[in-house]
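*Asks:* Please model the complete structure; the sequences and the hints are all you need to start from.
If you're matching positions, the sequence shown starts at 1 in the UniProt record's numbering and goes up one per residue.
Just so you know, the hints here were simulated from the structure itself, not pulled from any lab data.
Here the structure is a predicted model, which means the values were calculated and not measured.
Hints may contain errors.
Derived lysine-lysine pairs resembling DSSO-like cross-links, with alpha carbons at most 27 Å apart [said to hold, decoys possible]: (1) 441 with 298; (2) 427 with 441; (3) 568 with 582; (4) 568 with 441; (5) 298 with 427; (6) 70 with 171; (7) 561 with 573; (8) 427 with 588; (9) 298 with 356; (10) 41 with 427; (11) 588 with 41; (12) 582 with 561; (13) 588 with 561; (14) 171 with 573.
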Amino acid sequence: MDDGGCFGKTEVFNDFNPIIQLGAQVACILVMSHFFLLLLKPMGQPSPVAQILAGFVLGPSCLSHINLVKNFFFLETVDYYETMALYSRIIIMFLIGLEADVPYLRRNLRVATIISFSSSLICTIFAVAVSWFIYDETGARGSSVVTALTLVIILSNTATPFVSRLAHDLKFASTDIGRLAISSSLICDTYAVLLLIVISRSKHEDGNKFSSWVWMGFLYCLVVVAVIIINKYLATWLNRRRRNQKYLKNAELLVLLAVVFVAATSLETMGFSSIIACFFLGAMFPRGGKTGRTLLIKLSYFVHNFVFPVYFGYSGFKADLTVIDSFRNLAIVAIVILLSIGGKVMGTLAACFHLKIPLNEGVLLAFLMNLKGHVDLLALTIGLENKVRASHIFNNLMVAAVVINSLIWGPLIAFMVRRESDILGYKHLAFEYQSPETELKLLACIHGPRPVATTIGLIASCKGSENVPITPYLMHLIELPEKTKTNLLFHQKEEDELSDDDNYGGNDVVEINEAVDIFTAETGVIIYQVKVVSPFATMYADVCEFAEDMRAAIIILQFHKHQRIDGKLESGKEGIRVTNQKVLRHAKCSVAILVDRGLTSHISASGSLQHIAMLFFGGPDDREALGLSKRLGMSHHINLTVIRFIRKPDPAENMGIEIVDEKVGDFLMRGSVNHEPQIDADNIVLSTFFNRYVTSGQVGYVEKQVTNGEETASALRDMADMYSMFIVGKGGRGHSALTTGLSDWEECPELGKVGDFLASSDFELSGSVLVVQQYRSSKTGDED
1 MDDGGCFGKT EVFNDFNPII QLGAQVACIL VMSHFFLLLL KPMGQPSPVA QILAGFVLGP
61 SCLSHINLVK NFFFLETVDY YETMALYSRI IIMFLIGLEA DVPYLRRNLR VATIISFSSS
121 LICTIFAVAV SWFIYDETGA RGSSVVTALT LVIILSNTAT PFVSRLAHDL KFASTDIGRL
181 AISSSLICDT YAVLLLIVIS RSKHEDGNKF SSWVWMGFLY CLVVVAVIII NKYLATWLNR
241 RRRNQKYLKN AELLVLLAVV FVAATSLETM GFSSIIACFF LGAMFPRGGK TGRTLLIKLS
301 YFVHNFVFPV YFGYSGFKAD LTVIDSFRNL AIVAIVILLS IGGKVMGTLA ACFHLKIPLN
361 EGVLLAFLMN LKGHVDLLAL TIGLENKVRA SHIFNNLMVA AVVINSLIWG PLIAFMVRRE
421 SDILGYKHLA FEYQSPETEL KLLACIHGPR PVATTIGLIA SCKGSENVPI TPYLMHLIEL
481 PEKTKTNLLF HQKEEDELSD DDNYGGNDVV EINEAVDIFT AETGVIIYQV KVVSPFATMY
541 ADVCEFAEDM RAAIIILQFH KHQRIDGKLE SGKEGIRVTN QKVLRHAKCS VAILVDRGLT
601 SHISASGSLQ HIAMLFFGGP DDREALGLSK RLGMSHHINL TVIRFIRKPD PAENMGIEIV
661 DEKVGDFLMR GSVNHEPQID ADNIVLSTFF NRYVTSGQVG YVEKQVTNGE ETASALRDMA
721 DMYSMFIVGK GGRGHSALTT GLSDWEECPE LGKVGDFLAS SDFELSGSVL VVQQYRSSKT
781 GDED
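*Replies:* In structure tokens, the structure reads:
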């Protein structure tokens, strides 16, 4: 009677509005997902595991055995779940495309293709070999080919949303192994979607209609290309409207999303999966301007907090382990899981061996390629709807295998990531040892629009050669009002701050965005923007944490003084200076402080030539500054000159630098018999630099012989108007006669003796100054 009463109440509720019940069910999944996330996060488990587990608990395997729960989740609204999953897939894959590192994918397409092809090939062979056995044992009906293709998809597919979300949660998405795993999973998804199209088209067509396939394929490509073009013009138009607007209005955002959803549902109606199409629409969407910026921020918040919990929860919700009620069914599930593991591990490790990827990285990559729960679940749904469909027992067993596989590999990967922290952790490689042709990741921090032009110019210069990949982030640091105690990282956590009338940043945000957008439009270099609101006391922690997460090679900080109209430097907020000092102490990478005096000619189209001087006195920080200067020297718009200050030799000493063979250009350094380790390191680095860059004419080289700090100061004054920027190391060179006396009027010890002298208000210098500090595990010995 009680059950009947509950059932009757549910029917009345359904007669009122089943959509309301669906909303209540989604709310239950969200609550349960966040509950499991709070429970499992302290144990280091990623959010997809908690979300799949939440759906699994609510599903027919657990709580839905209770009639009240079963009626609530499965009565009337069960047909809405597939539609909800479709819309979730559309928006998830579009966001993955927006977040995708397309330049990395292009550079490593061959490597990612070999890995995905190898793993998918082995899984395909295994699936075909075992398909006849599973077809007979599950009592499948209809086409055995559809069953075999479904098994191929289940074994060979890698769920891109799962891999991407897990990599971000475990904070290795920015590593090479993380980016390679996401790229490889995308190619695996493409392979699975192609097979899915074969299955889905079989329920629309009988016989071999090659011309129809060609026509539908052409129509598919036409829709994708047309939407890409439409998005391009829409984004350009929206970027030009209301230039003083920080972000798009919600109505404008809905128009853009409507175009994507209409295109995706049109492809689904034609019998094609829209998964890969949505990814391409996101990957090809214009990144520059407030349109791409707003889409990325708002969709990230919405998808990560609402869509992913529901989507992964629905994956677990579909699993019904009660079908594993016999040894035969258990054996079938075990065989599918073991073949998937074996195929992915064997194929991935074979590819890694061929590509000479280290074994420990290959094992982690193989584990990541085992994550499922995306195209495979869709294939089972389509297979069940197909008129030559498999049996319900086959469908339920395969869903159970997919979900169990995900619940197994999620925690295992989390454990391995913690165990392999040495390969996935933040490993900083100093510029002293870097090649200027390697990818550069940097984080530039500003507190307002004043230094944006110089900062962007420096970012453009750091790119060096046109072919060098660069991933720059621009972080807008805003002091949190004292009445507010919450720390907000706008780029990832909050949505309300996207309102145009928010108080954080004010009109500064508009000026910064416009400068970045102009730069991106004219150079093609995408600068990722982040806005952080935090008290000055803890602001350094946000900077250091973000730099560690994105594996930055260097952090560029804004000097706490700014230039007045008369050219003098005026002190700003003391909190900025304190933040700089704390970042210098706590950052796990190199740090540079930029004293802005107006390096504004940063656009390559301007054709202007910037004259930059690198001042070398010796020590690890100067070597790091020299390493950074190598990148600047590769730019066609930079004329770099390395100026080495050396002590005037005494008549009794044979000390100096000379070229002993002009033909070979050997750079011989002769010093005292008892060289200090730092001097030896300086000589080696300078010798290598001279032979590679100076002798080829790419970089100029000058020596200045001085006796003491007074002569050094005089030499610096003589070159004050010759260069638009001076690069110098902070210190770490120990006691040096070359800088003795420079600290008599020291104002900012965080710049070092030479940097402080160049930034002094009493020193009439027209060029900006960049003071570089090399990361060392111990900051002792930083003093000059």
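*Asks:* Are the hints correct? Go through all of them and say.
*Replies:* Taking the hints in turn, this is what the structure says about them:
| no. | hint | in the structure |
| --- | --- | --- |
| 1 | 441 with 298 | holds, 24 Å |
| 2 | 427 with 441 | holds, 13 Å |
| 3 | 568 with 582 | holds, 26 Å |
| 4 | 568 with 441 | violated, 33 Å |
| 5 | 298 with 427 | violated, 32 Å |
| 6 | 70 with 171 | violated, 38 Å |
| 7 | 561 with 573 | holds, 8 Å |
| 8 | 427 with 588 | holds, 9 Å |
| 9 | 298 with 356 | violated, 40 Å |
| 10 | 41 with 427 | holds, 25 Å |
| 11 | 588 with 41 | holds, 25 Å |
| 12 | 582 with 561 | holds, 17 Å |
| 13 | 588 with 561 | holds, 25 Å |
| 14 | 171 with 573 | violated, 33 Å |
Going down the numbered hints, you'll see the structure goes against 4, 5, 6, 9, 14, while the others check out.
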